[in-house]
Amino acid sequence: MIDTTLIGAETEIVSITITREEVQKYCRVISEENPIYHQVQAARKAGYKDIPIPPTFPTLFWQALKTPWLDSDAVVIHSEQTFSYEVPLISNMTYQCKIILGNIRTRGNKQFLKHRLLIFDNNIEIATSETTLVLIFHQE
Amino acid sequence: MESFPKTMEIVITNKMIRQYAAISGDVNPIHFSKTAAKKAGFPNQVAHGMLTMALSTIFISPLLQRQWRVVYFRIKFSSPLFIDDRLTIQATMMNHSEEELSFKISGNNQHNAPIIQGQIKLKKCTESKPPV
Numbered sequence: 009m010i011d012t013t014l015i016g017a018e019t020e021i022v023s024i025t026i027t028r029e030e031v032q033k034y035c036r037v038i039s040e041e042n043p044i045y046h047q048v049q050a051a052r053k054a055g056y057k058d059i060p061i062p063p064t065f066p067t068l069f070w071q072a073l074k075t076p077w078l079d080s081d082a083v084v085i086h087s088e089q090t091f092s093y094e095v096p097l098i099s100n101m102t103y104q105c106k107i108i109l110g111n112i113r114t115r116g117n118k119q120f121l122k123h124r125l126l127i128f129d130n131n132i133e134i135a136t137s138e139t140t141l142v143l144i145f146h147q148e
Numbered sequence: 752m753e754s755f756p757k758t759m760e761i762v763i764t765n766k767m768i769r770q771y772a773a774i775s776g777d778v779n780p781i782h783f784s785k786t787a788a789k790k791a792g793f794p795n796q797v798a799h800g801m802l803t804m805a806l807s808t809i810f811i812s813p814l815l816q817r818q819w820r821v822v823y824f825r826i827k828f829s830s831p832l833f834i835d836d837r838l839t840i841q842a843t844m845m846n847h848s849e850e851e852l853s854f855k856i857s858g859n860n861q862h863n864a865p866i867i868q869g870q871i872k873l874k875k876c877t878e879s880k881p882p883v
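If you're matching them up, the sequences are chains R and F in order. Counting with my numbering, you get residues 9 to 148 for the letters of the first sequence. Counting with my numbering, you get residues 752 to 883 for the letters of the second sequence.
These are calculated hints, taken from the structure and not from any lab test. This structure is a prediction, so every number in the text was calculated from the model and none was measured. Ideal Cβ positions, reconstructed from N, Cα and C, are used throughout, including at glycine. Hints should not be assumed to be uniformly reliable.
[Said to hold, decoys possible] Here are the simulated DSS-like cross-link-like pairs (lysine-lysine), alpha carbons at most 27 Å apart as the crow flies:
(1) R/K118 <-> F/K785
(2) R/K33 <-> F/K766
(3) R/K53 <-> F/K875
(4) F/K757 <-> F/K827
[What the hints assert, rightly or not] Far from chain F, some chain R residues (derived; all Cβ distances over 10 Å):
(5) T25
(6) R36
(7) Q49
(8) W77
(9) V84
[Unchecked claim] Derived contacts from chain F toward chain R, CB cut-off under 8 Å, selection only:
(10) Y771
(11) F783
(12) S784
(13) T808
(14) Q816
(15) R820
(16) K827
(17) F828
(18) M844
(19) M845
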């Protein structure tokens, strides 16, 4: 089980830049053919500075952030996900990101961990991704 | 404005799960191995929840070409989706104004069991409030 004193733990702040190619690769996997993700001109015509990052993409940012509290033998299930945006995220822009472990709730052999991934552009918070994971521990 | 509700049916293949694992870095064996999935208490290989959520953005995608921007998107994953399951996702418009749109998103498997439920909100960007 994860110690509840870890509530409030944060990752380091990491700079993340997503390339157009990474967006396009993601879009191919989810069969997203909207030209705003594949052609810069289409993106600019629709009002974006460059190719936008799809709204569900930021959970991939977790790969660049270390969350040591999740290193356990538990089975991990994603139970809830929320994205909130002030502005869309754009490829080739560099964002500063960190994850905060916001809450831990324990019920039997399960723990519900609420995380907030904060995304900043020049110190202004522009997007948040909230991820609730359920950790199921083997009962002894 | 397209007509809603809209419905989409998709079968979750091994290829989709493998491709999503590759881009997301989520290489938990429950996604690849039936044995590992069973050991963890599931009947078959589990699809990534985020794959399902990402697929459900297809409904609102055309709006992103026309001044609309996603400001909020929430999904609750009610039950896992497994390899070869057929997912039916539906988007229903809840509110529609000049500046804001909201949709209810729901997805069921082939047994009509709820898989995902949630809400997506979009706002219109204007010249006084540029998008980016």
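- Index of numbered hints that the structure contradicts, given in increasing order: 6, 9, 11, 12, 18, 19
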